[in-house]
Each structure stands twice: as structure tokens, then as C-alpha cells.
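Visitor: Residue numbers (our numbering), protein chains in the order written: chain D, 1 to 642; chain V, 1 to 326.
Simulated from the structure, these hints should not be mistaken for laboratory data. Ideal placement from N, C-alpha and C gives every residue a C-beta, glycine not left out. Some clues are possibly wrong.
Stated by the list, open to error - What follows is a list of derived Cβ distance ranges for each label pair:
(1) V/Thr119 / D/Arg639: 51 to 61 Å
(2) D/Pro105 / V/Lys247: 30 to 40 Å
(3) V/Asp230 / D/Lys184: 28 to 38 Å
To be verified - A partial selection of chain V residues facing chain D, derived with a Cβ cut-off under 8 Å:
(4) Asp53
(5) Ser179
(6) Asp209
(7) Ile212
(8) Thr226
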Amino acid sequence: MFDWISDNRASIALVIIIGLAVVFVFSIFVGVKQTGLRAKDEVFGDPERTKGGWYWALCGVSALLLVWFYYSWGAARAVFPTAANELCQVAKVEEAMSPISAALPVGSRYLKSTTLVVRNAAQVDKLAVSMPAEVFTLREQAKLTLAVAQIKDLLAVLSSPALSDPAAKSAFLAVEVSLRDVAKRLQADYRELQPQKEALQQPKWGTSEVEIPLLPVTGKGVLLDSVTQDVQEVAKAFLKVRNISPQAKQLIADTKEILKELKTPDPLMQLDEAGEGTRNAYVKAVDRIFKRIDDGTIFPAQAMDGVHFAVNEVFASLAVAKGGLSVVESLFFPGHGVVKSRTQCTEQGSGRWLPKPTDVIATFSTLANPDLESGGGYKGTTLLWWKWLPIADVVAFLMPDGLVDMLPGSYGTHGDSGEFKPNYKDRLLAFAQGDVNLGSVPMLDGHIWDSLFRVLVAMGFGILVGVPLGIYMGVSRFFKSFFDPLIELYRPVPPLAWAPLILTIFGIQDDGKIFLLFMVAFAIMVISARTGASGTQLSKIRASHSLGATNGQILRHVILPNAMPEILTGIRIAIGVCWGTLVAAEMLAGTTGIGFIENVARTVSDYELIWVTILIMGLLGLLFDLVMRWAIAKIIPWRGKG
Amino acid sequence: MNKTFKKYMAASAIVIAGGIASAAHAADSVNVAFFLEWATPNQIAKVDKAYDDAMGVDVNWTDFSTGVQMTEAMLAGDIDIAYSQGLAPFVTAIQQGAPLKMVSVAVVYEANDCFVNDTLGITSANASELEGQTVAVPLNTMADFSFRKQMAALDVDISTMTIVDQAPADGAVSLADGSVAMACIFGGASAKAAGEVGTPIMSSQEKTDAGIGSFDVVSVTEKFATENPDLLRTFLQVTEEANQAWKGKTLQIKKVSADAGMDFETTKDQMAGFIFPTIAEQQSGYFGEDGVAVSAAESLGLVFKKPGAWNVDEKIAKVITGEFLE
């Protein structure tokens, strides 16, 4: 069942996309109608105006999902399941053409030969004026000047159509003819072509580790693929063409001879180590430029005209062969298109870093599978499941072993016959270490629970400590003046800055991570409670005071309820920030947790996994917020109605 | 034409010109990625502009802190050659289908060490005592690979261990605290810190005997390799020349240390553990038939393989080539 769904995710996505489009249009329709109905009875600014409106929520969510489908190429895969494979074949042809087009002004401004001539000529000129005369004898200087002049001559000979190698001319003609042939073949009818059996057995686009399989699965693809092999041959022939005419050959041989002689210094010249270094470096520099052009890869500007036309023809034919595929590509494949690598084709641009919604769900289901043996979970831990928690472990956690050490007496030793009889201290130690059976309780387990646990405990402490302190800071001069500088000093420090200290102070267990989150929650809770307490209307406090309320009663019945809206908003904000800090906290010493998954996924650029963790954190945050909204409505129903 | 409109025109003209310039840029300059604090002899060639001179183009060097970032930059088209990318990020990039290839071996070095806290008295002789302990490992790095290989060689069952994902610097701290029994470390400074309180579980000799070693690769984008094979060949040649010229002289080390951003002593120590194989050695030992390059990449691929698909042996060999070594 799961495999079937996984294999057919493209078609399922299509159904979902159509559904989303319908919902999107329908919700706008309902929304506009409802707005029209109510437009007259509501006053602008009335909070009642924000109540309800499920249709706009639907509209927003479906729009977001549609954008996601579009930019992740999910829509493209759903509507045109074979398009990526065809684009992969196009990429193959383009790749095979690239050695030829790289030599031509195709996708660049200048001929490669032009670039080489201009660049090398400039460098030769620069070398000629910067000759360090002091390290060469006059004879050597003359030789060098000659060599430089000959290199310039060589550039001229290579660039001259009259002096160019006739063999190169005919070779280019052959390339041109082959390319025109390729162009013609690209226009052939492909409807009759059948893909190989092997190709059809490949996994579908994006259902396996191989993103887009290489072998063509459509007639058009088969045609493009078969052309690729021919183009590769042509490109190979093209790269072999050399422009070495008899004149060039003579010049090359002469220059080579001169440079060879120059490699050994004239014995008449006495040079120290530095001088020798300068000399060798200069000769080498000249030699290098010479070596760059002595292989005859510079051609006259007109020599490749025919090839250039033929290349344009090939690309034109390729565009024709692509046909509707070009439209599909520009409309449905935002980003950098399909790129061919050695073993597969891959999506580049938003298709690469934004996985398709259906793929994210598939990854999520694998993660959520509690059966670790069959590849579920992540790094040996489930995503969210339950387990039996031995009560003894809880006792061991709460009871330090050191307590037992402090008791009188010593631990047992083994007897003469190798037996061991534990005394009372051994038994107590076993208890303190959790080596006893006290029964078990079911307990949640997994990455999500671990993260949740850390956030909840940190929030709990933050509220328990932060709210009373904040309220007292709102009502007491001592508390305000004493704690204000401390809290304001640490509050602006980003949590990550504490991280190195936390590791040293708390070690690698949960307490350090919880403390990091606590510090975040604590500051927010203090400030919100304080703002709430100090914002209480003076008239209310005085009224209750004159009615005979004690300090405690004023605190409980006047100030606390007045601070409640601020406190609850503070909790909402603090939970959000805690989730934000979680990734940093779990980076310290990751063993489990959503942040840990993300940190590991990042090291291998596993974007699907990264998005799954982002979505889990977002959804959990949303869940918390919904709970908080419900709590706010229950606890302070009077808010905004005063 | 009013002023605002003119401004817009000028701005868009600049943007368009910029776009074209960056498209045409590729042929005239080569972008190379390298690691800071990872000293190699070719940094002398880099500083002396020997690459620019030999290749006849501007060679721009950009430093990165991880190999994964190098892959990302190569995929974005900002980097053509990564000089000394770790084998681990290279293999994981290939597993993700990145259009890259390995063309040379940059640095061969001893496998990363796993330091055991000295107070535990665990050595390679009684390594099985590590079972059930907590260890710090930077997951999915060469240190992780080395950890798995060493534990396999020592016959320690890692499924009994609690493996904590920690960056080397954090791992060294946790080792000193005693919160982990063993920390696997890469990087000079962290290894030094871990060495203060711990001892490597396997000595250099033991690692060599067990055939555990690492090397960094030179990787390039497929596009660059097909379009500019001559530039790539020259690049590797200049690297070879720089390696040949390396004598470990004080002056040389000073030059490299300045460029690598490390002090003299650290550079010297680090480079003492490095081997820079010559092109001949690479052709015979790494890229020939049954070459180390393919077999190491394959075994690394198997370690980091996701459960399920990917036939490592079928794929990795296709992206490893010695054809540009001359």
C-alpha cells in the first residue's frame, strides 16, 4: 500500500493540486460573498470583525500550498511526469555540445581564440617591458627579445587566414558537415521511436535516490539521446583540430630551441640565489605563455564561421525538437532547469532546495514509522512513540549516588570462592543507580517528545520563577531596583552566545539545553509580568485598599488579574522564541530532538529532511499557539471589552 | 523624462549589465574554493600568482569552512574548482546527485583521531570497554568515518554506545569534563585540546596497519571540466610544481602560514602530518585500476548511505577520473 502510494505520488499530487485550486477559488467566492453581506453591520476597528472567517484561512492555506507545489516543481511533476526526463535528454545534448560552443561566442561574448590572442598578447607585451636586464647577459637578452618577438609572430601567424593550416580548414569543414547532419537528425520524426525496456524499468522521477533517471523514456527522449552520442564524437573530433601550418611549425620549433637554451644560465654570468630565482621565474613566465599557444588552439577569426553557423543550426533544431517542452520548461520549471551530472539528472534552483510536498510527506512517513528495524525513525530513535519507563530510572535520576557513599561502612568485596554477597550499602547503591525493579510506566518517547519535553520544562520553570519576580518588580522598589540591571544585562545576549559556557557548566545532558531555553523564557516572562503589574490602574488599587483589602488580597485579586493578559501574551511569545532557540540548544551535544535532526541533515544537504523538521517545528508552534488562544479566551474573557 | 524615471533606467541598466558580466565572466576567471587553517604547499603558488600566470586567467580564491558549503557554492555556479574538499562532503554531494567530479587527490593525511579520556585507562588493547559509553562524534564528517572504521578494526560494537553529535571544539570540552568517554576530533586546535586530557585510541602505526587513512580531493564541476579541460590540467600541473618545490623551509612555511591564517608552529606541525602525492603516485596508486580513490569513496559511501536505495559501487566510480592529471 505504502509503496503504491509512494510510486504514484505524481498522480496523487495532481488530485491534490486540483482540489487545492477548487478550494482556493471556492473560498474566495464565499469570502467575497460574506464580506458583502456583513459590510454594512460592522464598524471598522470593532474586534468582532476578526471573528470567524474560516474561508479566508482556507484561501490562505491553499494559496500557500499551491505556491509550494509550483516552486518545488511538484505541479510540473504532477502534470508532465515525463518532462523532466526529456529535459534531461536536452541537457545531455547541450552538455555534449559544450566543448564546441565554449570555443564560439555562444553564451559568451567573444571567440575563445580572440580571448586567447588578446590575453596572451597583453601578457607578452607586459613581459617584454618588465625584463630584468641585470640577471641576463646581453646575448641572453637578445635571445629573449627574439623569443618574445617570435611568440608575437606566432600569434599573428595563427590568426592569419592566409597562413593557417589547411588541414584545420578541412577538419572544421568535416565538423560542420557532421553538425549539420546532427541538426537534420534532430528534426526527424520521433513518434515511432520506442524507449528501451531497461529505461521503462527505471524508478520514476523523484521516487528513489536517483532524482531524474538518465535513460530516455519517451520517443522524443530516445531521439535526443541517440543524437547525443553523435555529438560527442563530433566534439571529440573538434577538440583534436590543431592550427599548425608549416610557418607556425617553424616558428614553434625555433622558439622552443631558444627557450631551451635559455633554461641553463650563461656561465659568464655570476648570480646569487635571489638573482637565479628572478632569472628562472622570468624564463619560466615566457615559456608558459609560449606553451599556452604552441599547441595551435588559436584559429583565425573566420575559420570557425561555418562551425558557428552549424552550431546555431543544431541549437535551432534542438529548440524545434523540444517544441512544447520549451513552454512547459519556462512555465512549470522555475529556477535553473534540469542539470545533468554523471549518474543522473538533478533539479537546480528552487526544485533542489524546496522539496515537493508529496516527497516531504513521504519522508515524514518514513521518519514517523515507529518500527526502527524496518528503517523508520532517525538515527535509532523514533519520531514520536511511547515506551515503558522503569520507575527505578526516575528514582536513580532524583537520588545522587554520593548519598550512599556518605553512609558508614564500606562496599562489599568478593569472597574466597568468587561469590559476591551484597551488603546493605551495595543494595542501597543499586537502588540509587536504578538497578532494581520497581515496575514501569508508559511514557512518551522519540525526537519530538524530547524536544517538547525540553521546551515545556524550560517554559514551566520560566513561568514559575519569572512571573512572581516580574510582578514583584512591578510593585516593589527593592525588587525593581535590585533585579532590573541584572535582567536587562543578560536579556539582549543571543542564546547562542551562552552555548559554549553551557556545555562546560552543565555537560551534555538535558539540563544544559533546558537551562538555555529557560534563560530565554525567563526574561520574557519577567518583563511581561512586570509590564502587566505596573500597568494596573491606580484607581482600582486605591479602591480595593480603601475597602480594606490586605496587601496579599490586592496582589491576588487586583494586580494579578490585571497582569494576566500581558502574562499570557508573554507565554505565547516565549514559547515561540523557545522553539527558535531549540535548534541552537540541540546543536550543543545532539543525541535526539528535532533540532538534532536538522543539524545532521544540514551536513549532507538533505533538504527533504530539513523541511520536515521545519514543518514539524512550525506545526508544533501552531499547536501551542492554538492552545494558548483557547486558554486566553477562557482565563481572561474580559480582555478588550473593558 | 523625469528624474525618478532616469534613476530607474540607470539602476536597471546596471543590473542588466551586471547580469551579462557575470554570465560572460566564467571564461576569463576561475573561481577556486579552499580551506582556511589547512596548510598546503600550493598556497605559495596562490600567493605568488603562479596559477594566474600559468593559466593566463584571473584565479579567485574563496575560503570556506566546510566542504558542504563548497558543494553548495559549486552548485550555485560561484565556484569552479574546490581544492581540498573532504572526501565525506564530496561523496555525500554525489549521493545527492550533484554534477561534480573528483580529478585529483590534494592531501593525504592520517585518519582523524578518537581521544579516550585518560582517567578511563582504555587503550586499543581493551577497547571493548568503550561499549555502553558515551562518545562525541561530529556526524557525517571524515572524523565520523574514521570513528566507524576504527571501532570496526577494534571490534567494538557501536550500537551499544550513545553517540553525541558534537563539533570538534565542543567534543574536546566534553572530553575534558568527563561527560564523554571518547571524542573524535578533526582540526588542529581541537585535537591539541583533546590531547591534553585524552589519548588516541589507535596510534598512527595501528591506523596505518588497519588501512585507515583519509585524503582530501580536488573536485570540479562537470561544466568546468568539459568546457575548460586545458585550464584544469594547468591548474593541476601548477599544484604539482608547488608540491615538488615544497622543501619545508622556514621561509616557505612562513608564507603558507600567513596565507592559511595560522601561526608558524601550528602550520609546521600540521604539514608534518600531510603527504602531497605526486601526479605519478596519484596515477598509479589512486586513479589506476583498483585505485584507492574509488575504493575509499565507495566504503565511505556505504557508511553514510541512507537506508534503502543507492548502489554506491555503480555510481561513485563514474565521477572519479585521473584523466586531467598529466
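Visitor: Hint by hint, which ones does this structure get wrong, listed from lowest number up?
Guide: 2, 6 and 7
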